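Protein chains in written order, with the working numbering: chain C, 78 to 191; chain G, 10 to 121.
Read the hints as simulated data drawn from the structure, not as lab findings. If you're wondering where the values come from, they're calculated on a predicted model, not measured in any experiment. It is possible that some hints are incorrect.
[Stated by the list, open to error] Pairwise CB distance ranges, derived in the manner of DEER restraints:
#1 G:M87 with C:T97: 25 to 35 angstroms
#2 G:S78 with C:T189: 23 to 33 angstroms
#3 G:R60 with C:K86: 15 to 25 angstroms
#4 C:S161 with G:E68: 33 to 43 angstroms
#5 G:I118 with C:G93: 37 to 47 angstroms
#6 G:S64 with C:P138: 21 to 31 angstroms
#7 C:V127 with G:Q12: 22 to 32 angstroms
[To be verified] Cut-off 16 angstroms, straight-line C-alpha distance, at most; resulting in silico cross-link-like pairs (EDC-like, lysine to aspartate or glutamate):
#8 C:K91 with C:E184
#9 G:K51 with C:E184
#10 G:K67 with G:E35
#11 G:K24 with G:E68
#12 G:K67 with G:D88
#13 G:K116 with C:D115
#14 G:K51 with C:D115
#15 G:K77 with G:E65
[What the hints assert, rightly or not] Chain G regions said to be covered by chain C (calculated; three or more residues, Cβ under 8 angstroms):
#16 66-75
#17 105-115
Ideal Cβ positions, reconstructed from N, Cα and C, are used throughout, including at glycine.
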Amino acid sequence: NAGVTQTPKFRILKIGQSMTLQCTQDMNHNYMYWYRQDPGMGLKLIYYSVGAGITDKGEVPNGYNVSRSTTEDFPLRLELAAPSQTSVYFCASSYQNANTGELFFGEGSRLTVL
Amino acid sequence: QQQVKQSPQSLIVQKGGISIINCAYENTAFDYFPWYQQFPGKGPALLIAIRPDVSEKKEGRFTISFNKSAKQFSLHIMDSQPGDSATYFCAASEIGNYQLIWGAGTKLIIKP
Numbered sequence: 078n079a080g081v082t083q084t085p086k087f088r089i090l091k092i093g094q095s096m097t098l099q100c101t102q103d104m105n106h107n108y109m110y111w112y113r114q115d116p117g118m119g120l121k122l123i124y125y126s127v128g129a130g131i132t133d134k135g136e137v138p139n140g141y142n143v144s145r146s147t148t149e150d151f152p153l154r155l156e157l158a159a160p161s162q163t164s165v166y167f168c169a170s171s172y173q174n175a176n177t178g179e180l181f182f183g184e185g186s187r188l189t190v191l
Numbered sequence: 010q011q012q013v014k015q016s017p018q019s020l021i022v023q024k025g026g027i028s029i030i031n032c033a034y035e036n037t038a039f040d041y042f043p044w045y046q047q048f049p050g051k052g053p054a055l056l057i058a059i060r061p062d063v064s065e066k067k068e069g070r071f072t073i074s075f076n077k078s079a080k081q082f083s084l085h086i087m088d089s090q091p092g093d094s095a096t097y098f099c100a101a102s103e104i105g106n107y108q109l110i111w112g113a114g115t116k117l118i119i120k121p
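So here's chain C without its partners, still in its complex pose:
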């Protein structure tokens, strides 16, 4: 039972490069989320999805894009990477919405932009 799987675990990007962080879950959860975690700042919601084909912006969406073509996958696209995007990114999923159900997190993807 894999839960939420994120790849890659580590990545170094040059300014202006683009990349996709992959996230897949095998729990048949409708809700999926992308967070970034910066030291002393807690978790900030980037994008979320309530089901396949439906996505919406969170608190800090600028510089990112997402898609949700299947229930299992929720990739996060970084366009024109900037040093401010250096962070640890977490994907999460839940069966119910965040007000009701437990969020299950992946192990994170540590991104450095130089």
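Based on these hints, arrange chain G on the given structure of chain C.
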């Protein structure tokens, strides 16, 4: 009004002692207050959660105390163990909302 303020930022407790982490909020529409535990190199995991209809919830050595009038809630870890060393996050959300509003986190170290 959407913030959740968490304190302290870091905490060192002797083994067997009581660890206390506090959170405060302003939004009176919040009605769900979870605590998540995060070990280094891992994602956060739900530890315990409470709703405002109760003032306290206990699960093993972990207790949430909730003060609705003061808009504060806290996590108490009794008989703290080295294995409890982790970062703890409080969070809050409104009914029907997809977002959790997170505190900044508390790094807890339990000294043997």
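Against the structure, the hints:
| no. | hint | result |
| --- | --- | --- |
| 1 | G:M87 with C:T97: 25 to 35 angstroms | violated (44 angstroms) |
| 2 | G:S78 with C:T189: 23 to 33 angstroms | violated (45 angstroms) |
| 3 | G:R60 with C:K86: 15 to 25 angstroms | violated (35 angstroms) |
| 4 | C:S161 with G:E68: 33 to 43 angstroms | holds (39 angstroms) |
| 5 | G:I118 with C:G93: 37 to 47 angstroms | holds (40 angstroms) |
| 6 | G:S64 with C:P138: 21 to 31 angstroms | violated (37 angstroms) |
| 7 | C:V127 with G:Q12: 22 to 32 angstroms | holds (24 angstroms) |
| 8 | C:K91 with C:E184 | violated (23 angstroms) |
| 9 | G:K51 with C:E184 | holds (5 angstroms) |
| 10 | G:K67 with G:E35 | violated (24 angstroms) |
| 11 | G:K24 with G:E68 | violated (19 angstroms) |
| 12 | G:K67 with G:D88 | holds (14 angstroms) |
| 13 | G:K116 with C:D115 | holds (14 angstroms) |
| 14 | G:K51 with C:D115 | holds (14 angstroms) |
| 15 | G:K77 with G:E65 | holds (11 angstroms) |
| 16 | 66-75 | violated (count 0) |
| 17 | 105-115 | holds (count 9) |
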